[in-house]
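Chains A and B are the protein sequences, given in the same order. Counting from 511, one number per residue, gives the positions in the first sequence under the working numbering. Counting from 3, one number per residue, gives the positions in the second sequence under the working numbering.
Every clue listed holds true.
Example chain A residues on the side facing chain B (calculated, C-beta under 7 angstroms, incomplete):
1) I513
2) D560
3) M565
4) A566
5) P570
6) P755
7) S756
8) S758
9) L759
10) S763
No lab work stands behind these hints, which were simulated from the structure alone. Backbone N, C-alpha and C fix where the C-beta goes; we use that ideal spot for every residue, glycine too.
Below, each chain spelled out in residue letters.
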Amino acid sequence: MFISTGSGDPSFKGFTLIMPAVSVGNVGQLALDLIISTLNMPKVGYLHTDCLIPMAGNNPYATSAEDASQLSTNAEVYSHSDLKLVVLQIRTPIIQTKVRSFRKSLVSWIKSCGLVKTVLLSSSHAYQRDDRQLLGTSLRYLLTPSLQKVEGQRVEELGWREMERISVFPDIPDSEQRLYIPGGGVTKALYTDCCTEDISMAVALIFCSEGDNIADAFMLINHLNDWLRLLEKPTQGSVQWRVPPSWSLLFGSGIPPLIF
Amino acid sequence: MATFFGEVLSVYSRAVEEDDDDDLTQNEEDEQIRREIEEKRSVRVQWMSQTDTRSVSCSHLIIAVGLNATGFTSAYVLSCGGWSAVGWVSLWNERSHSSSRTDSAPVPGQPACVLYQQEHNPSVMMCVCTCYVAEDQLFQWAEKVLGCVQKRALTVTVLSDCVLAEYKASDYLSGNSTPFLRALKTATYTGAVACPLLEQPNIITGLSAAVLSHCQVHQIPAVVYQCYSDVTHPDSVTMETYKAALTGLSAAVKMNRCPTSEILQKFTRVSEVQSNLYT
Numbered sequence: 511m512f513i514s515t516g517s518g519d520p521s522f523k524g525f526t527l528i529m530p531a532v533s534v535g536n537v538g539q540l541a542l543d544l545i546i547s548t549l550n551m552p553k554v555g556y557l558h559t560d561c562l563i564p565m566a567g568n569n570p571y572a573t574s575a576e577d578a579s580q581l582s583t584n585a586e587v588y589s590h591s592d593l594k595l596v597v598l599q600i601r602t603p604i605i606q607t608k609v610r611s612f613r614k615s616l617v618s619w620i621k622s623c624g625l626v627k628t629v630l631l632s633s634s635h636a637y638q639r640d641d642r643q644l645l646g647t648s649l650r651y652l653l654t655p656s657l658q659k660v661e662g663q664r665v666e667e668l669g670w671r672e673m674e675r676i677s678v679f680p681d682i683p684d685s686e687q688r689l690y691i692p693g694g695g696v697t698k699a700l701y702t703d704c705c706t707e708d709i710s711m712a713v714a715l716i717f718c719s720e721g722d723n724i725a726d727a728f729m730l731i732n733h734l735n736d737w738l739r740l741l742e743k744p745t746q747g748s749v750q751w752r753v754p755p756s757w758s759l760l761f762g763s764g765i766p767p768l769i770f
Numbered sequence: 003m004a005t006f007f008g009e010v011l012s013v014y015s016r017a018v019e020e021d022d023d024d025d026l027t028q029n030e031e032d033e034q035i036r037r038e039i040e041e042k043r044s045v046r047v048q049w050m051s052q053t054d055t056r057s058v059s060c061s062h063l064i065i066a067v068g069l070n071a072t073g074f075t076s077a078y079v080l081s082c083g084g085w086s087a088v089g090w091v092s093l094w095n096e097r098s099h100s101s102s103r104t105d106s107a108p109v110p111g112q113p114a115c116v117l118y119q120q121e122h123n124p125s126v127m128m129c130v131c132t133c134y135v136a137e138d139q140l141f142q143w144a145e146k147v148l149g150c151v152q153k154r155a156l157t158v159t160v161l162s163d164c165v166l167a168e169y170k171a172s173d174y175l176s177g178n179s180t181p182f183l184r185a186l187k188t189a190t191y192t193g194a195v196a197c198p199l200l201e202q203p204n205i206i207t208g209l210s211a212a213v214l215s216h217c218q219v220h221q222i223p224a225v226v227y228q229c230y231s232d233v234t235h236p237d238s239v240t241m242e243t244y245k246a247a248l249t250g251l252s253a254a255v256k257m258n259r260c261p262t263s264e265i266l267q268k269f270t271r272v273s274e275v276q277s278n279l280y281t
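Throw the hints in and build the complete structure from the sequences for me.
Printed below as a string of structure tokens:
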């Protein structure tokens, strides 16, 4: 599944992996674009899999004309050895019939890397929130049991809110509680898989709706940065994330002058 | 999403639904049905003669996808003669005409993916793909087709159509500049590129993306020439645009630079307004 760009496989032992779930508003993917672009992370490999729709394009994080012609595919791995950070960026939806197989391959790749923890950035439909979720922050988290032991307290200190469980039968009191992340793509299933496989995983998600989700991406990444400290927060103002050039023209080409 | 008048494209919603059914009881019958469907949708490369099914040695592989690209290769390259059909890619999906896979050679005129080899120089091959390859078959198609040729000294050129509506530019393109070519190449491709590279934020999808991704990951030199056109049917002006893409390969591939109108008529279609709201 993982194919290195250079000769020899890089080691991710002791690293933190951040990856997106293809979810409503593509917020996880946008947030990761900000991380890769701001930290100038070099590409170390591809996730060559038949589970994702194919796509190719030129370098989405180009800083100059020279590196603009580097080809990018639908799933790539970037790494920052100083921060012990590895990022998997997924750029296309998962093929419907291959969702389970993709999850399995991902979990087995995560296990083989020897990571300290994995962070899944995701989102959920804002219109599906229940009464409690309508109030306060729109950011939520989840920790697998193995990571709860290590990071549970820190996350509490940061004031993060855990994703609420929903009753299976809403009108019946005391009915079974279950996790429900509508619009989250593989989030719930991957989280459940990681709980079963005893993998240290955190999920950070935001409630949002489809539209211009750039602001949601900034909210999510600043929230994540409070915990992971990828970039130092300046005393005044917020962290300056670099918007990649691939974010231009998100809503179509320029306006034809003939319509005026 | 509607592009041209009356034409509706299916566009995937980014909002992804949770798939709760996935983990419910999967019995043996479900598994078997799933396996049978997978088998039915599998992609296979088949050869006309039974002799050589090992890796074919190939220095240049040209793949044409889309009505204009395939029309160009047929009218400008295959019409020169000296090419023989050596194989085809057999696959089945919902848009295939038959109800199940047929393992016999495709009939001319039917949508198909046919592999041609140059008679005097068998290391030059061409794949003309007029049939629809579904999303879940794209990866397999690239693996199987590129897997049947030897990687050593291989260069892949892909010609592919695209609608102009998919091209994003900050200043609006006037009608005069279409059709035009844009290229994408792998890291190991060192040859000349006949047109500007595709600027961000534009991307390619479909068969050309699957082939290019495969080549990038396996370090095969490859280039995709994407032709953006505002005409949806096969048209001679769009086909002519591809000439620039193959000019660099003129040593290996003989091109008829001015095919006669009889030849062109076989592959182009004049737009007939069949029905609209006003008739």
